[in-house]
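Go by the hints and put chain B onto chain A.
Number of protein chains: 2
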Amino acid sequence: MRGIWLEDGALSLRDRLECPKVNRGEALVKVTLAGICNTDLELVRGYYPYTGILGHEFVGTIVEAPSQPSRVGSRVVGEINVVCGACEYCAAGLSNHCAERSVLGIVGRDGAFAEFLRLPLENLIELPPAVSDEAAVFVEPLAAALQIREQVHLKPEHRVLLIGAGKLGQLIGRVLAPVVSELVVVARHSAQVELLEKVGVKVIDEAIIGERSIDVVVEASGSSSGLDLALKAVKPRGTIVLKSTYAGKASLDCSRIVVDEVTLIGSRCGPFRPAIELLGKGVIDPTDMVIGRYGLAQGLEAFKAASERGALKVLLEPGDVRGNM
Amino acid sequence: MRGIWLEDGALSLRDRLECPKVNRGEALVKVTLAGICNTDLELVRGYYPYTGILGHEFVGTIVEAPSQPSRVGSRVVGEINVVCGACEYCAAGLSNHCAERSVLGIVGRDGAFAEFLRLPLENLIELPPAVSDEAAVFVEPLAAALQIREQVHLKPEHRVLLIGAGKLGQLIGRVLAPVVSELVVVARHSAQVELLEKVGVKVIDEAIIGERSIDVVVEASGSSSGLDLALKAVKPRGTIVLKSTYAGKASLDCSRIVVDEVTLIGSRCGPFRPAIELLGKGVIDPTDMVIGRYGLAQGLEAFKAASERGALKVLLEPGDVRGNM
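Line by line, the protein sequences give chains A and B. Here the first sequence is numbered in this note's numbering, starting from 1102 and rising by one per residue. Here the second sequence is numbered in this note's numbering, starting from 1102 and rising by one per residue.
Just chain A, with the same shape it has in the complex:
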């Protein structure tokens, strides 16, 4: 099959990859649509040494499921962490932190930028008809945005600052705006600003953010200047949520954290079912973020488009090139 391969920091389109062979309890999924995420771009930049097929945001159809044949034909999204179910984290209900996990297209497991992928059946969640394929490809990042609300008790009176309004920031803005009294966003690119303003989120200039004025800051820019702004803006006893992975280290004014007793929380993957619910009910429609759809044959071009400054969501359609094989 065809897929987009990362090795030693170089992306390539490969035509003759072996189709995944499903193990007991797994399913083979034909990928309908997949989304390029900033983590994919960071992996290409070397944030984590990964070799294999990239991609972890997808929607597809189960085409093989030896241990549960009745699920063949289901339209599904998939939890990306493949876990052991037995370690202390799995036992404690924190299986996303399973010490033995592989992660689709990120750690030790080929990903979704290919015609087919394999995942355990327990990772795959059926989609209701109300969720279109184009919306469903956002389930994984929307769940990651919702994870902020899982980890931090956002109160109605909170003033919240979101730094960064890119692929993930757009979704964070949409899940935070309804639950706090004020959400302000710092965004650098006009297309990002327009989309957020259309959904009622207030975009402001960072220069007018008062020092120590914000209850909860979400840092989703992945830049060191974003972290500096977060630390400047957060109130004493306030919270900074770190939502972006960074290549390299960031420098941090630790005394500010100590003196103001600030809490910094790292946040990664989130719950799929509430994300599917929000999309199904139309509470959140992220499809306005799509800036391009590419067949796998144009995969490298798609990555180029996704890497442009300020770029929003670029989708890959693996099915589009099956006839070319």
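Please keep in mind that the hints were generated in silico from the structure rather than gathered at the bench. Don't take each hint at face value.
Here are the simulated DSBU-like cross-link-like pairs (lysine-lysine), alpha carbons at most 30 Å apart as the crow flies [claimed, not checked]:
(1) 1256/A with 1303/A
(2) 1131/A with 1350/A
(3) 1405/B with 1333/B
(4) 1303/B with 1333/B
(5) 1350/A with 1299/A
(6) 1299/A with 1382/A
(7) 1333/B with 1299/B
(8) 1131/A with 1405/A
(9) 1256/A with 1256/B
(10) 1350/B with 1333/A
(11) 1382/B with 1303/B
(12) 1350/B with 1333/B
(13) 1350/A with 1350/B
(14) 1350/A with 1333/B
(15) 1333/B with 1333/A
Just chain B now, with coordinates in the frame of chain A:
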């Protein structure tokens, strides 16, 4: 009066400082004993621009209290944050973060390394006879150590790592050991190790601390290598408490924080009354940490002793030199 003055990073002993004039609601306190803390040493190194008399750990006697004359003669310790009582932090019960605060010997208010100091009467807490002067001078740092238990829910099953066993680390070790299943400490200096082992705390070599093996790490070394060790040792979903102020910025692997969803909490001042209680009951006896007592005339020598690598608590006895004035 005599006092130890900091200006432009230079310490000096001054003989002719004006004795503080108490405002309404304040008391004049004759300082019996005062302790040199790492924050004092950091202030000398320029961590925060402060000009005035240093010192914030003290025990003394109220000698003037115009609005409550009955309190004259009381032996007291004092909360170091002098607050407005009206801002949003004071209203929310977070008065240690009062936006208008001055802080004894740290921010905009002359401190305790002098014969007399002034503080609001509401900051001063009477000591029970069971607490000796030498123990009482530890109330402020012991309260700061207890603040960890105010902020983080330490559970009986937790494995806790304390990095640094200096002035504050010694006290942290003593307040954490009784409440968790395992406390291990990384300490660099033999005198620090001996004292901790005497109170039953296990000191281990940092080389044998497993990666991702610790539920809660307390970073009290104030060093960038301590922060690196904390991040290496903490479990996914674990907590790092930052307890030391640093001059300058520290560099931090933010991706580790994000991927492992680690929480970093800054921690500063704590509750005085529980600290007094622990000292009064003899549950904690910190007086074995005292390595020297100096009159104010030997104040600069005292600072030198306190700055030695691995030094524990150096005390100043302002009363000792009154006759010399």
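For each hint, the structure was consulted:
no.	hint	in the structure
1	1256/A with 1303/A	18 Å, holds
2	1131/A with 1350/A	38 Å, violated
3	1405/B with 1333/B	34 Å, violated
4	1303/B with 1333/B	20 Å, holds
5	1350/A with 1299/A	35 Å, violated
6	1299/A with 1382/A	19 Å, holds
7	1333/B with 1299/B	28 Å, holds
8	1131/A with 1405/A	24 Å, holds
9	1256/A with 1256/B	26 Å, holds
10	1350/B with 1333/A	14 Å, holds
11	1382/B with 1303/B	24 Å, holds
12	1350/B with 1333/B	19 Å, holds
13	1350/A with 1350/B	12 Å, holds
14	1350/A with 1333/B	14 Å, holds
15	1333/B with 1333/A	27 Å, holds
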